Every structure is written in C-alpha cells, then in structure tokens.
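A.B. asks: This is what each chain is made of:
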Amino acid sequence: MFDLAYFSQTLVNGLSVGCIYGLIGIGFCVIYNASGIVNFAQGAFVMLGGMITYVLLTTLHLPMIVAGSIAIIVVALLGVLIERIVVRPLWDRNATMFVMILATLAVQIVIERTTLILVGDQPKSIPVFTDLPPIRIGGVSIGYQTLWIIGVSLVLIALLALFFQKTLVGRAMRACSINREAAALQGIPVSRMLALSFALSAALGAIAGILLTPTQFTAFNVGTPFAISGFIAAIVGGFGRPFGAFLGGIALGLAQALAVFGLGSGLKNVAALSVLLIFLFLRPSGILGAAK
Amino acid sequence: MMSESRSREKILEIQALSARYGQIEALHSVDLDVGEGELVAVLGPNGAGKSTLLRSVMGLTSSTGTVRFRDKILPRRDTSAIARSGIVLVPEGRGIFGPMTVQENLQLGAYLIGGRGADFERRREKVLALFPRLKERLTQTAGSMSGGEQQMLAVGRALMSEPRLLLLDEPSLGLAPKVTAEILETLGRLNRDGLPILLVEQKAPLALKLANRAYVVSNGRISAQIDPREIKSHADLAHHYFN
Ligand SMILES: Nc1ncnc2c1ncn2[C@@H]1O[C@H](COP(=O)(O)OP(=O)(O)OP(=O)(O)O)[C@@H](O)[C@H]1O
Ligand SMILES: [Mg+2]
Chain X
0 MFDLAYFSQT LVNGLSVGCI YGLIGIGFCV IYNASGIVNF AQGAFVMLGG MITYVLLTTL
60 HLPMIVAGSI AIIVVALLGV LIERIVVRPL WDRNATMFVM ILATLAVQIV IERTTLILVG
120 DQPKSIPVFT DLPPIRIGGV SIGYQTLWII GVSLVLIALL ALFFQKTLVG RAMRACSINR
180 EAAALQGIPV SRMLALSFAL SAALGAIAGI LLTPTQFTAF NVGTPFAISG FIAAIVGGFG
240 RPFGAFLGGI ALGLAQALAV FGLGSGLKNV AALSVLLIFL FLRPSGILGA AK
Chain V
0 MMSESRSREK ILEIQALSAR YGQIEALHSV DLDVGEGELV AVLGPNGAGK STLLRSVMGL
60 TSSTGTVRFR DKILPRRDTS AIARSGIVLV PEGRGIFGPM TVQENLQLGA YLIGGRGADF
120 ERRREKVLAL FPRLKERLTQ TAGSMSGGEQ QMLAVGRALM SEPRLLLLDE PSLGLAPKVT
180 AEILETLGRL NRDGLPILLV EQKAPLALKL ANRAYVVSNG RISAQIDPRE IKSHADLAHH
240 YFN
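Which chain is which? The protein sequence lines are X and V, in order. Letter 179 of the first sequence, counting from 1, is numbered 178 in numbering that gives the first Met the number 0, and no numbers are missing. Letter 107 of the second sequence, counting from 1, is numbered 106 in numbering that gives the first Met the number 0, and no numbers are missing.
Mixed in with the good hints there might be a few duds.
Residues from chain X that face chain V, not an exhaustive set, calculated with beta carbons under 10 angstroms [unchecked claim]:
hint : residue
1    : N93
2    : R170
3    : A182
4    : A183
5    : L184
6    : Q185
7    : I187
8    : S190
Some chain V residues well away from chain X (every beta-carbon gap over 10 angstroms; in silico) [said to hold, decoys possible]:
hint : residue
9    : K9
10   : R19
11   : L31
12   : G46
13   : E120
14   : K125
15   : L137
16   : Q139
17   : T185
18   : G193
19   : S217
20   : N218
21   : I221
22   : E229
23   : A237
Hints in this document: simulated from the structure, not taken from any laboratory. Keep in mind the model is a prediction, meaning the values are calculated, not measured. Every residue gets a Cβ at the ideal spot worked out from N, C-alpha and C, and that includes glycine.
Extracted from the complex, chain V is given alone in its bound form (with noise of 0.2 angstroms):
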C-alpha cells in the first residue's frame, strides 16, 4: 500500500524478531522497518509488546530473527555496540540518573565523544536550544525535576550522540499533555530536520499526526499497518486496531 514509503532506502529492517521472557514469548515474529528521514510510529494497547519490540532491537530482551541497521546486522545482545552503531532508545520510564546532575546526565549521553571538548560543547547547545528549560536546570539532580522535565532530559540525553536512528518508547507517559504536545511537536522538527524516528507511542491520535507510517502491534505480532493520511476519523482507527 504505502507506496512512497517503499521508494525510500530502508535503514532498519527488523525481520522475524521474537522475543521471550522466560517461557513466554511476548513478541512473534515481527517485520518491521523504518525508512531513511521517516518517523514510524507504534501503536497498540498496554502489554502488547511495543516495549519488548524496541527493547529487543537494542539488544536488551533474549530475542531471535535479524536486525538490520544501516546494512549492518546488529548484534544480539550488546548494547553498548548497537549504541554505538548510532542507534539510540529513550526508555519506557526514561532511565535518567536521577541521582546526578543534569549537566552529568548529558555528558553522558556524549559517552561515545568523551564527554568534553568542542563538538561535545556544540551538541550541548543544541540540545538546550531546543529544550531551554534544561539550561536553568544544568547542576540540579535530575531526579529532582518535573515529569516533563525528566523526559526532555531523557531525550536530551539521547540526542547528545547525534543518533542516525532515535527510539523513543512512550515518551508522553504520565505527562500534561501541554507537556506531551511540547515533546512531540520537538520530535516532529527533529525528524523534518532529516532523523528518522521510531516511535511508541498509545495515544494514538498524537502520533498519527507526527508519522509517516505507523504499524499496531497487539498481541505481540503486528495486527496493522496505517497509513496516517487515510485516518480521518477515530471509527477509521477503531477498524484498524480491531480487525
């Protein structure tokens, strides 16, 4: 169907990925990609895997089947190497170091540079740029912040490896949705800016105006692909996500 995605130069390509936890296979089976430029989004109800799919991709659940990213098969669980391919996931909850500072939690998120230096000092500023709220906040501990401010560090942080591929797991979980709207709406620049996203995400309206594409999972197995463009109503969506 999605015709102009296809003719995109897919940069990840996730294919017959399973995973388990224990006995339990949460994910079956799934193919799924993300093309050069595009923000795909994920949708489906709690449990459903979305969480296990991103994690799984990172390297981080005992999963089967390939990842590709960039031509490259990503290993199946390191992920500090699948981090420094320039994959990078901001994680259901957001993994902050709440006990250290902002300024330290950036620093690392630059990990891979050293953490200092001038290119260190150039994605710094660009990161406060687009989240100025950060820079009234560098030598607070982060876990003393808002919610919000929590997962603009989280994605902050991310975004201070210069990623050729972002993952972000439900950023807008527990947030205001003036908050949520503000997140989002820095996404959307991010990925016009030309990175590709891959995005979780339950509040599915918010994401279908963000994205591409966008697949359902339920289940664990992809039960849908949407073409945003042809969502017009939430009865369009309801036949997606039900059928």
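If we strip away everything but chain X, and leave its shape as in the complex, we get (with noise of 0.2 angstroms):
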C-alpha cells in the first residue's frame, strides 16, 4: 500500500541529503574550473570539518559557532597548504593532469589515516543545532537538522552566484576557466586564483560536513563515500558548472532516497551509480546542457 506521509519524508530527506552533496558538487567544480584538476581531497574536507567541530567542540567545549567557525577555517588554510605542498609544485614541473589528480587521492588518504591515529577508529557525533522536536506538516516529521541543511545550503548558493557574478576577483575566477591564459595575459594572478579556489571547496567541504554530522556521524573514512556522491553529483550537473552541480547533487539525493523508499535501503548505490549512467549515456553534457 502507498504511504504518502512515508513518501514525502522520504522525499524531504533525500533533498535535505541533496544538499550535502550538491555542496560538495560544488567544490569539485571550484577546482576544477580553476586548474582542471579533479581533487579527490574533497571527502578528507568534509570528514574533517564534522571532525573538527567535534575535537573542538569535546575538549575545548567550545559553542558549536565558533567550533564550526574555526573547523571551517582551519580546512580551508588546510587546502591552500596543499594547494602550496602538493599541487603548486607539480603544476610547476608541468605534471599530467593524472600526476595531480593522483596526488590529490594521495592526500585524502594521508588525512583519513592521520585522523584514524590522532582520533581513532569510533565514529563521533556532534549536537543537533537546535534542540526542538521535529515540526510535523501532515504525517511529515521535518527536524530542524534538516532545515538548517536546506537553509545553509541555500543560502551559500546564493553568496556563490553573488561572489562569481558580482565581484571582480570572483569574475576574474570565472576568467581563469573560461581561458586561463587570457586571463592572465590581463594580470590576474592565476596561481593565486588556484590557491582561492581550494580554499573554497575546503570551506563548502567542511560546512557540508558540519551540516551532516548530527545526523549521521562522522568517522575517520566517511570522507570517500561522500566525495563519490559530490563527483556524481558533478558530472550529473555537468562538470564544472557549480550550480548544475547542487542541482545534481539534489537529483542524486532523490533517486538515492526514492530507490530506499521503493526497492530497499541495500539499493541507494545502486541508485547512485543508476544516475550516473544514465546521465553519461544520455546527457553527457549534464543537467543545464552543453558545458562551456
């Protein structure tokens, strides 16, 4: 028998778990855009923004603000640092494409290991945001996790159109993936277009992983799966088109969610990976059509 109430909060949570991976969507195609690289770091950012926030949070005891505000911090200088250590130096012996994005896999399993022995194998929680019951519309439960989710997620959409559409320096970023050297031909700094960029997905990383993290947990390896889930939702939205990345990203949470509802929670994978083909058989292009 069809459960409507049950399908419809099957629907707000794959949404809310869209998000999460149309942020991440979102990194991959920051830099991708300004250095071609695919970075497969994106899962270590998001691992250790929850992660953070929970060390903060557990033994400084810290308000969960300025937790979260210093985790996000602390993973954004962390991928200028190895935009600085690992990508800059093989960018500058002209390494393949490959050389880099091998190097980047390399990181992300440097940082799942390195967490592994400084905080152990346990995954961790962090407190809900807001500690109310969950607002009930119909036979619906919406906790409030799951609103802050929407909303957060909304709201840096909306900063990243304002940021690449309205400011110089983020018009001179969109400068460097529509022609990187004309752009610098113009003066801009492209390297420091490049080290701006990883510090951004860094950042959207580790709210993303902020974000989840009560609702889940966060472990020393929950950094792959998610990166998996982003890079889909990327190539869904057409890679290197942020925005039809977070759209890809709120598809695959969908069909994830919709496949759980329908066929049973041994199939979101299958859901996934069902997207991503059929997205690569038939629009290869990705949601919003050609890419640039």
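Hey, can you piece these two chains together into the complex? The hints should help.
C.D. replies: This is the structure:
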C-alpha cells in the first residue's frame, strides 16, 4: 500500500542529503574550473569539517558556532596548504593532469590515516544545532537539522552566485576557467586564484561535513563515500558548472531516497550509480546542457 | 641602417630568445627591439614563429634568452607579473571571455586597478570613444558578437590596463578588409599618441603603412629587417621575404 506520509518523508530526507552532495559537488567544480584538476581530497574536507568541530566541542567545550567556524577556517587553510605543497609544485613542473589527480588521492589517504591515528576509529557525532522536536506537517516530520541543511545550502548558493557574478575576484575566477592564459594576460594572478579555489572548496566541504554530522556521524573514513556522491553530483550537473552540481546533488539525493523507498535500502548505491550512468549515456553534458 | 630608430630609447630589448615546444625548437635566438613611441611590425609566413615570439615575451612558452622591458629583465614564466609590468598582449584568436559580457571583459582588462572607481570609468570612456560599437553592446555576451567586434573588444580590453607597450598578434585575422582597416587605423592613432606597439601581421602592405620598422621572421629566425620607406613595390617586399 502506498504510504503518502512515508513517501513525503523520504523526499524531504533525500532533498536534505542531496543538498550536502550538491555542496560537495560544487567544491569539485570550483577547483576543476580553476585548474582542470579533479580533487579527490574533497571528501577529506567533509570528514574534517565534522571531526574538527567534534574535537573542539568535546575538548575545549566551545559553543557550536565558534567550533564550527574554527573548523571551517582550519579546513580552508588546509586546502590552501595542499595547493601550496602538493598541487603547485607539480603544476610548476608541468606534471600531467593524471599525476596531479593521483596526488590529491594520496592527500586524501594521508588525511584519512592521520585522523585515524589521532582520534581513533570510533564514529563521532555532534549535537543538532537546534534541539527542538521536529516540526510535523501532516504525517511528515521535519527535523530542525534538515531545515538547517537546506537553509544553509540555499544561502551558500546565493552567496556563491553573488560572488561569481558580481565581485571582481569572482569574475576573475570565472575568467580563469574560461581561458586561463587570457586571464593571466590581463594580470590576473592565476596561481592565487588556484589557491583561492582550494580554500573555497575546502570551506564548502567542511560546511557540508558540519551540517550532516549531527544527523549521521563522522569517522575517519566517511570522506570517500561523500566524495563519490559529490563527484557524481558534479558529473550529473555537467562538470565545471557549480549550480548544475547543486541540482545534480539534489537529483542524486532524491533518486537514492526513492530507491530506498521503493526497493529497499540495499539499493541506495545502485540508484546513485544508475543516475550517473543514465546521465553519462543520455545527457553527458549534464542537467543544464552543454558545458562551456 | 635605421639610424632614426637607433636614436630612440629602447624600451623592449629581446636578446637571444629561443623557445621550444617539447623537443622542437620553434624560435632560434631571436634579437629584436622596440623603441619609445615606435610601431614595429613583425611579418612572416604561417608557422614562422611570430606567435611564439610574442607568447615567449609574455612568458607563455618555455624559453631561454633575455627580455628586458624598460631596463627590467622580465621573469621567464610569470605571465601575470609580466602583465603587471605594463605589457599587454592581444593574443592570436583574441582570447576574449566569450560567456561573459562586454562590460565584464573590459572590467577584467582593468583588473590591476580593481576594475572600478573614477580611474576605471575614465579608461572605459576612452576605450568606448575609440570603439563606439562596443558602447551599444556592453551587456551583450562577448562570444555572441561579430569577429570584428570581438577584435575591437580584445584591443579595448587590453587598453583598459593602460599598457606601456601593446603587443598584437594578427588583429586582422579573419576580418573583412573594412574592419581591418578600421582597427589598424585606430592602432595607428594610439601609436601617434605615444603608445609603443609591436604588431605581428601577415598582411605586410597594411602593416608597413603603419610601421616605423619591420622584422621578417621565417623558420624561427629573424631573416630580414625592413625600413618601410624603402618598400615601394611588391617586388621590394618579395626581395626581403625570400632572400
Ligand atoms: N603548442 C604547440 N605545440 C607544438 N608546436 C607548436 C605549438 N605552437 C606552435 N607550434 C609550432 O611552432 C612553429 C611556430 O608557430 P607559430 O604559431 O609561432 O607561427 P606563426 O608565425 O604565428 O604562424 P601563423 O601566421 O600561422 O599564426 C610552427 O611550426 C608550429 O607548428
Ligand atoms: Mg601566429
């Protein structure tokens, strides 16, 4: 029998996890646009966002907003550091794209293992941001954390749109993605834009991690599955298009939720990969059509 | 030979500049200079290495040799630093930011002064006065304009940085003769107002009309230097090209 309340509940959950995938997907796009690199360390940023917040909450007993903000800043700086000590030297040596992508995968593993050594393998969680009972609409209950996830994601999307459309630096980053050489010829410091793109992507990943940790949990190895989902979101969105990636994330979240609803939870990943394959076959340029 | 130009202060001095793509050397020890206020043309057939020469000056190739601009040696591979020193290249193929508007393209040309403010407005008005056609298209996406308009935008964008030396790589490429004439006329005017220009151009007669001096590049070397006043006929030109 079709249970409308349960169905709606599923859609809401899919939407919220989809927003998370979308934020991670945007992270992939921002770095890809600045450099042509697919950064496989993206999942590590997500994990670290939640993990650093957890550590600050439990050891220093900081308020959530402070702990979260510090985590975001630390992860953003780590993004810059990775760009400086891993990507840039390879870049300056004219390494192939393939080598640089492998290097980011190595970074992912190093961060994962270091986290394992420092905090152990037990899953950690952090409290929800607003500790109130869920809102009930009909038979659907919407937790406050879900509202936080969707709300923060939409605000971030709006801010990113403003940044890329209206500010000189945002426009310069777009210029780099359209034609890096021509951008450099205008005096745009292309390598600084690359560092900035790592900071931005890392911060987005960290925010995604902080948002989702209260409803799920975090552990040293949660990065990779989220990176894969974010990566699929980016492909579905037409790689390199941040807003496409966000839509792709939502499509993916909904598809997974529907698969779980209709076919059982064992098929969540099958659904994700099916979405990917369908897009690769039918619409390789992504939801929004032909990429740049 | 060119005694007049020798008396000018050299602002760009290229010495023993070689450039390679992988194993292939495309430019072999080229010497070239541009004096204050000069318009110097670089002529030569397809594949001669003209673009490679300009790209090497801007640090876009792996090259050896020295490039001195106003007594400072330019870094070898830092294009944005070279741009900051006051040289701007309008590249072959124009390199405009197609998905962005004309206005945004012009703003990015003035990236070094922050793309806003009174100085920016003044420069923009100057460029729009030079290319009135851009004025009507400020909010149009650059990629949707005609080839001639795109070339005007490429030159206009370059001028937004108020360069102290303008490099142009075949601005006439793919354009109708009328538009070409219009653009070259504008370049001539800019040069008469004091802007030094290094112009790569395959259409030799047009370039020689504007130029104070010209170099011919073939097979990656400077094969001749031309004083445009000595070129009276096609035969004169052919003589320089082929001997
Ligand atoms: N990216 C590249 N990789 C390999 N070889 C290149 C590259 N760019 C240019 N070349 C080679 O270097 C030589 C010089 O090319 P360049 O583009 O400088 O010539 P050009 O004089 O500008 O020609 P054109 O008038 O057709 O623009 C050519 O033989 C060309 O094939
Ligand atoms: Mg050329």
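A.B. asks: Hint by hint, say whether it matches the structure.
C.D. replies: Here is what the structure says about each hint:
no.	hint	verdict
1	N93	holds, 8 angstroms
2	R170	holds, 6 angstroms
3	A182	holds, 7 angstroms
4	A183	holds, 4 angstroms
5	L184	holds, 5 angstroms
6	Q185	holds, 5 angstroms
7	I187	holds, 5 angstroms
8	S190	holds, 8 angstroms
9	K9	holds, 23 angstroms
10	R19	holds, 13 angstroms
11	L31	holds, 20 angstroms
12	G46	holds, 20 angstroms
13	E120	holds, 15 angstroms
14	K125	holds, 17 angstroms
15	L137	holds, 15 angstroms
16	Q139	holds, 16 angstroms
17	T185	holds, 20 angstroms
18	G193	holds, 21 angstroms
19	S217	holds, 26 angstroms
20	N218	holds, 25 angstroms
21	I221	holds, 24 angstroms
22	E229	holds, 34 angstroms
23	A237	holds, 34 angstroms
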